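Peer 1: Read off the chains here:
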Amino acid sequence: MGILYCESNKVAGSYVTSTPMTRRGSSQRTTALLGLVPAVFIGAFFLLPLAVIFRETLTLSRSTVTTLTGPSVRSVVWFTTWQAAVSTALTLVIGVPIAWALARFRFPGRQLVRAAVTVPFVLPTVVVASTFTRIGSFEIGTSVWAILWAHVFFNVAVVVRSLSGYWARLDPEIEEQARVLGASQVNVFRRITLPRLQPVLLSAAAIVFLFTFSSFGVVLLLGGGRRATIETEVWRYATQRTEFDVAAVLALLQLLVVGLMLWVAGRAGRKQRHVDGVTIDHAVAPASWRHRTQLGACLALALVVIGVPLVSLVGRSLRSGNAWSTANYLRLFDDPGPSSPLADPIWEIVANSVWFAVLASVLAAGSGLLAAIVLHRVRGRIAVVLDGLVLLPLGASAVMLGLGLLLTFDTDPFDWRASWFLIPVAHALVGFPFVVRSVLPMIRNIEPGLREAAAVLGASPRQVWRSVDEPIVRRAFGVGAGFAFAVSVGEFGATSFLARPQRLTMPTAIFRLLGRPGTVTYGQAMALSVVLMLVTATAMLLIERGRGGAVGDF
Amino acid sequence: MPHSRTHSIIRGRTIVTIALATAFGLLIGACSSDVASTTVTVVTHESFAVSDEVIAEFEQQSGLTVEFLESADAGTMVSEAILTQGKPIGDVLFGVDNTFLGRALENGIFRSYKSPALAHIPAEFQVDDGHFATPVDYGDVCINYWVDAFDEPPASLADLTDPTYEGLFVTQNPETSSPGMAMLLATVAAFGEDGWEDYWKALRANGVAVTSGWSDAYYGEFMGAGGDRPLVTSYASSPVAEVIYADPAIDVAPTAIIEDSCFRQIEFAGVLDGAKNVSGAEQFIDFLLSDAFQNDVPLNMFVYPVSPSATLPALFVEHSVVPATSSTLDPVTIEANRSAWTERWVEIVLR
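Heads up: the sequence lines are chains A and B, in that order.
When you read off a place in the first sequence, starting at 1, and then add 75, the result is the number in the working numbering.
When you read off a place in the second sequence, starting at 1, and then add 706, the result is the number in the working numbering.
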């Protein structure tokens, strides 16, 4: 296998340089055509609303200038930046070993762990908040540690999921040879593994940074008013003080910082475009005690960071009237009475969530895949700009985007403000960058000569597609749609700022339940949170299965 | 020829299929927004609730179809209404309270409508003389206490600064929470514009805890679900909810309110300026004051109907106390000072 790859690399190189000009012209047209769908999607539902809201609210009056240059804005920008940097670093430190264990070892429950890691991503902050402020009798309080831990808890899925799949398909032979030649394990990791992982690692780090940089719920809840990010300030000025001009200036500032950061990351990423021939899952069963210890240690790490809040949540869902019972779950199935905060039967609530999530996944996966193909085809400066643009929805202000959507789609026949459809669209906006970022490395990893090799060996175009392209597409949909699903089912992003038809989803139902005093509503909220966990984990397992067949196909 | 495929990953039909499927998905939305004049769209905050039967009855009588759109909290809802003023999301807005009323009126989001049903609504609720906003329900934000935790519970706001109650009270940040704002206003009303700052300094010295939102205070810090503080800012109706949502069932609420600590919130509805269906919206405002809706209010939103002819559910009569005195402030005063007061509060209590 390895030899074939090396040779096809050379072949590919010679082909690229000999591409005739006419071909290039038609190829450009195809690229533009492919880009149309993601361009319309991002243009209409992201760039346009932001432009509209900025045009409507952005004024450089004296009060905005005073606010902007004041010490409080400076300290907010500083806090936003350093907490995002530290959160990202911590998430990598925790996430990389877990990803490594999942990539290198086959063990019973491997897929289950991968699915479980995604669960925190979808949980409403308020449900797990108390765990971050208090473990047993030890009070962390609303200190910055609570925020950092919460950020690691919610985002470790990004690192583990995007890294472990890629890592598992890297041939460990190079590392093994280096070890045989006497390199230490640390050295091997630093000088061989890390560079090989770099494209995916950078991507995951960028996403985590953007999420934590624009962090809203976690900081609002755990910051207790003492800590603020630019995004929580945008929210405060726009929704609580109705000072849209200040909010707009802050949101623009956030966008600029995010854009700058993406530009820098893009430049750093471009220097390193070497990618490995990623083929099959190289994971092995842990053979030695040393391996078992390593695996055990990594799983224990996952258990501590992610497990503690989850176990405490499950525990609370099973408590009823000072005893252990399943009463909270059974009560979810009660007929919603006149005083029940749940207006709809539970199955309808779950169905709404799943339906929105499926729609969002399809939208994100479809436009994301096309965008990834375009990004793979374009070169030069446009490539850098597009590369950054794709990630921008993760770092832009969700508050301003939500308000922008209200202002943009306010005229018939495009008055969609009362339409439920904007909700999955907004979810898909957040899912879209995940799809592009997980698909792109895979596409780049298709050895350019692979297709020719197959054709030379007599494969028909259909066979080439089936054996080379299709597995990529399936995996791309798997990874990307998985994230898009999680984003949607957890109601991440701008949707809380859209006026929504009264269609309860699991997170909105949990919020309703937690808005009422009483042990029953509290118990139901905890039970519904666990249902949300289970639905997410099940969806992730199904998606995993769906792409599982594709792994060894080529 | 094969090298023309060098850069292409997927070709032909698949591309078309993916492109069409995605484009189709994007366009579905276009077909779902056709609003007839028989539809009245009601924008509410996230805590709004009403029984299906009550709405169905209104729809049958009026021939209208009611659609509800849920915004976030009341502050966000008002901000959105101001931003979309003249081209509103719906016809009626329900749920702006007296702490945000000044802002709503100042920005002219409503058009005036004097419902005939206002005739029998007590004058104390009719705050807006121009009839842009119609009062619908009211409730009191009061300090709640866990009954078993005290031999002698505090009797007033002033008592909370007593060292006996050190470290026992949790309230919410007025910048991010509606009951938190009401508690700040209660202290302004009780101690005056000169006195409230000293009161909060004393509260801070006495170990008051602050959360961002109600849920976090009630379920995180208060004794309600495992916290350790027996005093919390909540609603006068919270003890009733504790009885209704109790497991196992109980006869006496585990919590009670401090009557001398309350601030009255009144919720208003109004016809949005630029509404597509003005007559439908006005009919809906009348309906909000009808007995059918007013009777339905308590168990759905745990607030009180403004109409004296409404019947309170037995549970409310039995377990809920309407405080004899509840402070209030003029909406215009609130709006004029809101930002300054909250900023001062944050400096005093959090910095």
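Since the hints were derived computationally from the structure, they do not count as laboratory data.
You may find that some hints are simply not true.
[Stated by the list, open to error] Covered stretches of chain B, as calculated for chain A (at least 3 residues, CB under 8 Å):
id : segment
1  : 767-781
2  : 789-796
3  : 909-923
These figures come from a predicted structure and were not determined experimentally.
Glycine included, C-beta positions come from ideal geometry on N, C-alpha and C.
Peer 1: Take the hints in turn and mark each one as holding or not.
Peer 2: Hints versus structure:
no.	hint	verdict
1	767-781	holds (count 8)
2	789-796	holds (count 5)
3	909-923	holds (count 7)
Violation of the numbered hints given earlier is absent; every hint is satisfied by the structure.
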